[in-house]
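Hey, can you piece these two chains together into the complex? The hints should help.
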Amino acid sequence: MQAADRKPTTAVRADPVLVRINGAVKHFPIGGFGGLAVRAVDGVDLEIRRGETLGLVGESGCGKSTLARLVTALLPVTAGSIMFDGQDITRLRGSKLRRVRRRMQIIFQDPFASLDPRMTVGDILQEPLDNFSIGTVRERRVRVQELLRLVGLNPNFTNRYPHEFSGGQRQRIGIARALAVNPSFIVCDEAVSALDVSIAAQIINLLQDLQREFNLTYLFIAHDLAVVRHLSDRIAVMYLGKVVETADRNDIYDRPQHPYTKALLSSIPVPDPAVERERAPISLKGEIPSPVNPPSGCRFHPRCPIARAPGICSDVDPPLEPHGAEDQAAACHFAGQF
Amino acid sequence: MALPAAANIEELSAWEVSEKQIGLWSDALQRFRRNRLAIAGAVLIGILVLVAFGSPLLVHLGIIADPIKQHVEFIEAGPGQNGYALGADELGRDTLSRLLFGSQVSLAVGIMVQAIILPIGLLIGLTAGYFGGRIDNLLMRFTDIWYAFPDLLFVLVVVSVFGPSLLTIFGAIALVNWVGLARLVRGQVLSIKEKEFVEAARSSGSSPAKLILKHLLPNSLGPIIVTLTFGIPNAIFLEAVLSFLGVGIQPPTPTWGQMVFDGYEAIYANPSSVVFPALAIGFTLLAFTFVGDGLRDALDPRMRR
Chain A
0 MQAADRKPTT AVRADPVLVR INGAVKHFPI GGFGGLAVRA VDGVDLEIRR
50 GETLGLVGES GCGKSTLARL VTALLPVTAG SIMFDGQDIT RLRGSKLRRV
100 RRRMQIIFQD PFASLDPRMT VGDILQEPLD NFSIGTVRER RVRVQELLRL
150 VGLNPNFTNR YPHEFSGGQR QRIGIARALA VNPSFIVCDE AVSALDVSIA
200 AQIINLLQDL QREFNLTYLF IAHDLAVVRH LSDRIAVMYL GKVVETADRN
250 DIYDRPQHPY TKALLSSIPV PDPAVERERA PISLKGEIPS PVNPPSGCRF
300 HPRCPIARAP GICSDVDPPL EPHGAEDQAA ACHFAGQF
Chain B
0 MALPAAANIE ELSAWEVSEK QIGLWSDALQ RFRRNRLAIA GAVLIGILVL
50 VAFGSPLLVH LGIIADPIKQ HVEFIEAGPG QNGYALGADE LGRDTLSRLL
100 FGSQVSLAVG IMVQAIILPI GLLIGLTAGY FGGRIDNLLM RFTDIWYAFP
150 DLLFVLVVVS VFGPSLLTIF GAIALVNWVG LARLVRGQVL SIKEKEFVEA
200 ARSSGSSPAK LILKHLLPNS LGPIIVTLTF GIPNAIFLEA VLSFLGVGIQ
250 PPTPTWGQMV FDGYEAIYAN PSSVVFPALA IGFTLLAFTF VGDGLRDALD
300 PRMRR
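Line by line, the protein sequences are chains A and B. Every letter in the first sequence is one number past the one before it in numbering that gives the first Met the number 0, and letter 14, counting from 1, is 13. Every letter in the second sequence is one number past the one before it in numbering that gives the first Met the number 0, and letter 58, counting from 1, is 57.
Among the hints, erroneous ones may be present.
[To be verified] Below, simulated PhoX-like cross-link-like pairs (lysine-lysine); rule was C-alpha separation at most 25 Å, straight line:
{"id": "1", "chain 1": "B", "residue 1": "192", "chain 2": "A", "residue 2": "95"}
{"id": "2", "chain 1": "B", "residue 1": "194", "chain 2": "B", "residue 2": "213"}
{"id": "3", "chain 1": "B", "residue 1": "209", "chain 2": "B", "residue 2": "192"}
{"id": "4", "chain 1": "B", "residue 1": "194", "chain 2": "B", "residue 2": "209"}
{"id": "5", "chain 1": "B", "residue 1": "209", "chain 2": "A", "residue 2": "95"}
{"id": "6", "chain 1": "A", "residue 1": "284", "chain 2": "A", "residue 2": "261"}
{"id": "7", "chain 1": "B", "residue 1": "213", "chain 2": "B", "residue 2": "192"}
{"id": "8", "chain 1": "B", "residue 1": "213", "chain 2": "A", "residue 2": "95"}
Keep in mind that the hints were calculated from the coordinates and are not lab data.
Here chain B stands alone, though its shape is the one from the complex (with noise of 0.2 Å):
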């Protein structure tokens, strides 16, 4: 094709476009990394990691001792008692090492859970946003019933009904907690749906599936992410709630919920047990909290400059 529309390239094509390209996800990444909070919580969670895969190793080398094996003769040793950093419980097993052993079952929940419901969120949001009409109405009525049950009341009834297994578990938290999913990526969905540059990709003959996939869908991952890792908090305190009640995690494996509940009785006499995994749930939930904020302002485009 010849090109005589272009006979002031020159000029046009000397108009400034900064030198040094800038990614979008890696200025996301620029304005995460200036948010020390977010910081310390992405920080708090690496730890949180390392503790989760390490531990078996730290009982292994002899530098904790077994989170389940019991000492009837140090039974509610307080901190520092008979060589235990941070006491025994009412079994005489190890409070330290409980607490570093709590930390998979925390993870894996909070993790897990929002690996079953991305798949769900994004296949409901998605179909009920791009197609509209009868099929979103179906999809987000049936979502508002589901919205509708008391969560706990319904992950009671599912594990009480299943059995207190890990996967039940994992199960019953994320089937209370997809709705959120779903009803965000449809609202993304409806609204970008409407912009000019899917009419333009329409326009130039794109299929449904690729703008979905190449429009919608990446435009949607900021909030999607955001809400995910919102997501990872709830569901380590929903089990832990679960724990606490008696229908999670079955003993002797080793849960903050339980601890709590099982230090719960002898809270005056041996306040240890109980205060130290209420503080790892509690900076557990900061710190992915944390996360989430900082994810949240970074990947917003609003808060570019």
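So that you can see chain A by itself, here it is in the shape it has in the complex (with noise of 0.2 Å):
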């Protein structure tokens, strides 16, 4: 996408990147003396451009949805910043804070517990409809009505009641919900990991739909690789509240850079038998560490294949630098030495 404007601008209206995270960090302080704190995430870089789909993997409890709840300002930041369209997003209070939560919504995982059991779906989506005055209220209803036709919904379902859905079906109407106030940035975290593989692939499918018709630009959650590279521009890699590679989705499964990228592709099953077989998945020694205390240096240390520990692995933090292909980024001080 968009390969000839990569280069950032000054000029906020060509600017290409929608959302610009610097050093994003959240710690959950875990009470008691100390000042213990889980560091689920724990300076994040990333860059999210107008258009594309961002995909972000890891394994779970390694801060991706977190970093979803920062980026939609649902949680606020220990430090660092995360500019929207040029606003920085973290200082936005009251109104202001409203006024930009009109153009980024959010889809959740888990399409049982993300709609309110008391309304019915008519009340779940007009919610957003009414809280930013949009329209008359005839106007909005039509919209519902027109929001669910969207989503693939029968559009008389407006008073039903959530509990009548089916997962797939709550997931459409989640859906339906993120994109009544015509947002341009959706975060979908986890949005398909819940479902059976035939639903999720016609969510994705819905989700793909609807970026083409209005030109939204995704950050795509999941620990689930094939689906990410079907659906996404750009991936990025997060262990243990950092991002350890960043690429185009072609150059990160062919070329990956950092070890802890190769050990995850390597997870992917082939649907060839013969290819199947001769699969070496390079499986990681241990859990992954606890993030109220992480491993000194580069914290995948402990669990790499080729980490030289005690020495610089063990005592340095390596940079998100430039490594590989163009455009792509690897935090390993052995970047494609494997």
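See the structure below:
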């Protein structure tokens, strides 16, 4: 996408980057003395460009969902800034924050927890319209039916309650709610992870259709690399609160630079028995460490197959630097050397 | 807005969603109806309400005797004697009539106390739960300290300071019972606040007031109703205890606790003046408890099949 205008420009209008995350940090203090905290997100720099889909992958507990909530200003950052279309949303409060909310929405993972069980589908979809006083009351009703049609549901379902729908249908309602205010940026926080494969495929197609139709920018969070590859233009890999690699989707699958990315990719099964038999998945040692007390230096070094520890890997935290292909960056002292 | 994204709408909207729509409250009502004990309790409460409102009329029509009028010649009459269906007490007053009138005080205490508790509990619970942090800490420690006072002692002190009127008794009982509701509401708010649908509502620009009124409150309504229902027998019992101790509603107004106290001294000579009010208290508590149980089961979404 937009290979020509990738260099950042100073003019806000022409800025190809919609969301710029600079050193975002989120620590959750865990009571007691000594100031212990879960370092869910610990210094993330990331750019999301207009009209693209950025896939964000990583194991459970690596801080993906926390990052999603920081980007949508549902959680306050501990440090760092998040620029949305040239505006630092971490400093906004009250009505200014509400104005930005209108331009970015979030689709949640659990279609059963994300819809208020005591509200009808019509009320759920009308809520954002009411909050932002969009149109007259009559126009809002029409818009609700239009939204239901848009996500492939029967527009006559407005009086139904969420419990009357299946998981896939409920996820469609969640998508319709996100679309209600005509946002330009949507965060999909594991939006298809809870669904059956066939239903997930339908939802993914719907998301792609909607992106084309309304020129949406997506931050698509998942732990399923196959899904992310299908949907994303660029991919960022997270490990223990940090981004360890970002690249164009083809580059990252063909030439991963970070050993963690390589290990993740090698765990994808191949639907060809011949290839699958030859495949040698790199199994990582141990569990993902506790984000309360992350390892010194490079956070991945205790599980890394190529780490030199004790040595530079256990002493120095590697910054995210260009490696490999154009537009590819990895946070590793020995990027690509495996 | 054009809708090409919905090209496949025909196929998708054919997905099955049951024809008959089930509202959440009607669903709960159905489950409540299937609970026999709860229905029995509800019927008993219905009768009690009728009695409370109807007893003055019965006296007016001459069907039952005046509950306050004393007949020296019939003191401690047994059940069925001299036209007293349930006998007469130590002052020669008709036990049946006093029993019927006693329901007025019991119901009034049970319901009025909840009416006072509800706003206090909601205000403190919602504020503590929603704002959290320092406000939560302050309010909850205050609640804890309040909770640490012995109930009966507290009520006795309040009533003896302000005098035993109906109003002080409502107030005193409410003052010891709001803590439970405040804690419950706080807990509900704390758990619902973290749900994704509340995050979604925040993300779609809902103000704090709207979040509380449209999402947090409706979703905690079930447990609140149940707690209030269980609070009614509690308050009735506490009032009976106060009357029994002689600091409740003052004579000659008939209350069940007072009747037990008055009849207590002659329990062997004339058991009917103790047994019947005691039974009335017992059955009323049971009725409200059954209804509370039924409501809890009916309103708990986990009980939905």
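Evaluated hints:
no. : hint          : verdict
1   : 192/B x 95/A  : 23 Å, holds
2   : 194/B x 213/B : 14 Å, holds
3   : 209/B x 192/B : 13 Å, holds
4   : 194/B x 209/B : 16 Å, holds
5   : 209/B x 95/A  : 18 Å, holds
6   : 284/A x 261/A : 14 Å, holds
7   : 213/B x 192/B : 12 Å, holds
8   : 213/B x 95/A  : 22 Å, holds
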